[in-house]
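*Asks:* Sequences are here, hints too, so could you generate the full structure?
Now for the letters of each chain:
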Amino acid sequence: MPLLTFRGHSASPGLATGRAFWVADVPVVSVHRKISRQEVREEKVRLAAAYVRAHEELKNIETKSQSRHPQGLKDIFSAHRLMLEDPIIRSRIEASVRRRLICAEWAVEGVYDEIAGVFSSMKNRHQAGRMYDVKDVMRVLLDHLAGAGETAIGGELANLPDAPFIAIAHELSPARTAAFIGSKVAGMVTRLGGRTSHAAIIAREIGIPFVFGLPSRSLNRIKPDDMLLVNGGEGSVVVNPPAAISRRFRGRQSEIRKIRKTYQRIAARPTRTRDGVDVRIWANIETENEIPGAKKYGACGVGLFRTEYLYLQDQMPDEQALYEVYRKVARAVSPGSVVVRTMDLGGDKFLSPIEFPSDMNPMLGMRAIRLCLAQPKLLIPQLRAALRANLRRNLRLCLPMVSAVEEILEVRKYLDHAVEDLRRSRTPFCALPLGIMVEVPSVAIRIERFLPHADFFSIGTNDLIQYTLAVSRTMEQVAYLYRPLDPSVLWLISRVVSVCRDSGKEVSLCGEEANNPLIVPFLLGVGLRDLSMAPPAILEIKSLISGLEIPRCQAIARRMLEFSTAREVERYLRSEVFPMLKTIIPHHYSYVSLESEL
Amino acid sequence: MTRPARPRARGVVRQTLVIQNVSGLHARAAAKLVQLCEKYKSSIKLIRGRSSANAKSIMGVMMLEAARGARLTVVARGADASPCVRAIARLIDGKFGEAK
Numbered sequence: 005m006p007l008l009t010f011r012g013h014s015a016s017p018g019l020a021t022g023r024a025f026w027v028a029d030v031p032v033v034s035v036h037r038k039i040s041r042q043e044v045r046e047e048k049v050r051l052a053a054a055y056v057r058a059h060e061e062l063k064n065i066e067t068k069s070q071s072r073h074p075q076g077l078k079d080i081f082s083a084h085r086l087m088l089e090d091p092i093i094r095s096r097i098e099a100s101v102r103r104r105l106i107c108a109e110w111a112v113e114g115v116y117d118e119i120a121g122v123f124s125s126m127k128n129r130h131q132a133g134r135m136y137d138v139k140d141v142m143r144v145l146l147d148h149l150a151g152a153g154e155t156a157i158g159g160e161l162a163n164l165p166d167a168p169f170i171a172i173a174h175e176l177s178p179a180r181t182a183a184f185i186g187s188k189v190a191g192m193v194t195r196l197g198g199r200t201s202h203a204a205i206i207a208r209e210i211g212i213p214f215v216f217g218l219p220s221r222s223l224n225r226i227k228p229d230d231m232l233l234v235n236g237g238e239g240s241v242v243v244n245p246p247a248a249i250s251r252r253f254r255g256r257q258s259e260i261r262k263i264r265k266t267y268q269r270i271a272a273r274p275t276r277t278r279d280g281v282d283v284r285i286w287a288n289i290e291t292e293n294e295i296p297g298a299k300k301y302g303a304c305g306v307g308l309f310r311t312e313y314l315y316l317q318d319q320m321p322d323e324q325a326l327y328e329v330y331r332k333v334a335r336a337v338s339p340g341s342v343v344v345r346t347m348d349l350g351g352d353k354f355l356s357p358i359e360f361p362s363d364m365n366p367m368l369g370m371r372a373i374r375l376c377l378a379q380p381k382l383l384i385p386q387l388r389a390a391l392r393a394n395l396r397r398n399l400r401l402c403l404p405m406v407s408a409v410e411e412i413l414e415v416r417k418y419l420d421h422a423v424e425d426l427r428r429s430r431t432p433f434c435a436l437p438l439g440i441m442v443e444v445p446s447v448a449i450r451i452e453r454f455l456p457h458a459d460f461f462s463i464g465t466n467d468l469i470q471y472t473l474a475v476s477r478t479m480e481q482v483a484y485l486y487r488p489l490d491p492s493v494l495w496l497i498s499r500v501v502s503v504c505r506d507s508g509k510e511v512s513l514c515g516e517e518a519n520n521p522l523i524v525p526f527l528l529g530v531g532l533r534d535l536s537m538a539p540p541a542i543l544e545i546k547s548l549i550s551g552l553e554i555p556r557c558q559a560i561a562r563r564m565l566e567f568s569t570a571r572e573v574e575r576y577l578r579s580e581v582f583p584m585l586k587t588i589i590p591h592h593y594s595y596v597s598l599e600s601e602l
Numbered sequence: 580m581t582r583p584a585r586p587r588a589r590g591v592v593r594q595t596l597v598i599q600n601v602s603g604l605h606a607r608a609a610a611k612l613v614q615l616c617e618k619y620k621s622s623i624k625l626i627r628g629r630s631s632a633n634a635k636s637i638m639g640v641m642m643l644e645a646a647r648g649a650r651l652t653v654v655a656r657g658a659d660a661s662p663c664v665r666a667i668a669r670l671i672d673g674k675f676g677e678a679k
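Read top to bottom, the protein sequences are chains V and W.
The opening position of the first sequence corresponds to residue 5 in my numbering, with each subsequent residue numbered one higher.
The opening position of the second sequence corresponds to residue 580 in my numbering, with each subsequent residue numbered one higher.
Please keep in mind that the hints were generated in silico from the structure rather than gathered at the bench.
This one's a predicted model, so the numbers in the text were calculated from it and none came from an experiment.
Ideal placement from N, C-alpha and C gives every residue a C-beta, glycine not left out.
Mixed in with the good hints there might be a few duds.
Short derived list, chain V residues pointing at chain W, Cβ under 10 Å [to be verified]:
1. Asp79
2. Ile119
3. Val138
*Replies:* Here it is in structure tokens:
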């Protein structure tokens with residue numbers, strides 16, 4: 005008997021085996037009924053009741069996903085709830101009942117179909133995929149109008165198999181997919197869907213393979229309880245495979261499990277290159293909520309604590325408020341250390357309670373440390389709060405957008421004053437190191453002049469690129485010039501690192517370049533040993549580093565510094581570095597997007 | 580590219596913003612925007628080219644098809660128009676709290 009294999013598309017990678025479980029397409033036998041004028045009121049009452057129950061159902065799903073899963077999932081369900089509660093849609097449905105004298109079901113279908121039609125005709129594939137969400141929300145509402153809402157999904161929940169199963173459906177709504185969270189679901193196979201569909205996002209977040217795009221006739225040949233092998237990365241499904249094939253498949257599964265375990269082992273271990281050089285991976289965080297995640301991934305501390313969100317409230321944080329946040333973070337990260345960056349607002353960000361002078365070119369204007377120095381009432385509470393919160397001696401303070409030595413000297417003066425004041429008032433505190441961000445070219449070019457005045461240096465690539473290339477990140481017409489691989493940018497990074505290292509000053513790099521696997525070999529090659537990045541990127545960069553050797557990285561960096569255009573650097577990365585990455589981290593989830601970046 | 584919000588007529592504040600996050604005003608970003616707008620009493624309109632939407636309607640916002648680089652003009656009318664537009668600017672300029 006020939007092997008029965010179906011091919012679809014990959015929406016979530018991974019390998020799974022399990023028995024087929026058909027998710028019933030609950031047929032909505034929609035009533036299309038004309039009503040009399042007297043019935044309008046009644047229909048509105050039914051509609052309102054359905055809205056209340058549908059709202060509760062979506063709210064339940066939202067809460068459920070919140071307690072067990074990352075923020076991403078919660079946002080999806082919030083979006084659904086908002087789609088349900090959309091005031092304009094509701095008023096259109098009500099108007100439709102009233103004017104056309106049709107029953108609520110008909111009106112709901114009419115309005116949502118029209119909207120789904122608009123979405124499906126959108127050019128952007130991502131947006132067009134939203135059609136499924138629209139239909140999904142409509143389905144929830146219709147189910148409740150029919151008085152079957154809870155039973156439809158609730159019933160499915162109760163009847164899910166106890167053994168690992170592969171969910172099969174023509175279409176999986178996010179609400180239905182959500183019902184699988186916490187069950188024995190091992191994979192999903194559907195006819196309709198997409199990589200950007202909410203079901204796909206959920207599948208990736210809970211880490212199960214999802215294949216979509218199987219034609220109807222293939223899908224219908226899968227019978228309940230058939231044994232299935234699902235390869236999410238390849239987008240293939242094998243039905244009732246012979247023993248030999250199953251064995252091979254299971255072999256690959258255990259291989260992947262091993263890789264996952266390696267990742268977990270890596271998280272627990274200090275980061276070290278293959279030739280035994282230690283590298284420290286730090287986390288960039290914005291709120292204290294990110295600390296547990298950062299620790300789980302094995303960050304050795306917080307390399308950048310952005311404090312802007314504290315200022316984006318209606319009220320300015322006072323010293324006590326800052327102190328409490330700093331102290332909480334210091335305690336949560338301890339024994340690791342935390343680099344607190346002072347307020348980096350102005351420019352492209354807004355600072356609510358402070359009036360900004362209007363400025364034609366805000367990125368070059370009154371922002372960050374300049375603003376703090378111009379308004380010491382902003383700076384002093386930050387300094388005092390950090391000193392007071394440093395009783396564990398694990399805080400450091402970092403100044404953003406420094407462009408001249410005087411700025412550091414001036415902050416030092418304020419810092420000395422703060423120390424003096426605290427001592428006099430017998431407030432407990434501990435002195436702390438003061439460092440600067442290297443993100444303005446004047447600092448990078450003459451880094452020697454800054455060495456004696458700062459205790460450590462942190463290269464902020466995002467701004468350094470924009471200031472070096474004189475390119476606004478937010479202006480469409482020039483965005484093409486924003487190139488992290490520009491030879492001048494690479495040269496500045498390499499120079500700052502080598503000067504700092506030669507003089508024994510600590511230097512680290514934070515910014516999007518730190519977690520780009522393609523650039524990491526360069527960064528190690530020029531001598532960086534401290535990288536700070538978004539927590540989810542840590543595991544992968546750690547495993548990448550554990551497969552690299554410093555002499556090879558140095559050769560790559562030397563080569564990258566020889567080119568005269570970003571295009572040449574890109575070409576080199578594609579032909580030399582990319583293949584190497586693939587052998588070290590073969591399961592990188594976004595190779596596709598990495599490749600398209602080049 | 581944000582200029583400070585400036586009242587033109589009484590209680591009307593408008594500001595033009597550029598969408599900067601990679602995936603644009605997709606469902607989740609739109610949800611954040613709508614949830615923010617719901618907190619304000621002002622009526623809020625988003626204008627993109629020839630289309631406009633009520634910022635409290637997620638469908639309307641999504642249908643603007645605002646991808647990265649799209650320019651949106653926010654027009655808020657009401658007592659809290661000023662803080663409202665500022666908050667919207669922060670959300671959009673902060674890339675909706677997404678990594679990229």
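*Asks:* Compare the structure with each hint and give your call.
*Replies:* Results of checking the hints against the structure:
1. Asp79: 4 Å, holds
2. Ile119: 6 Å, holds
3. Val138: 7 Å, holds
Of the hints listed earlier, there is not a single one the structure fails to meet.
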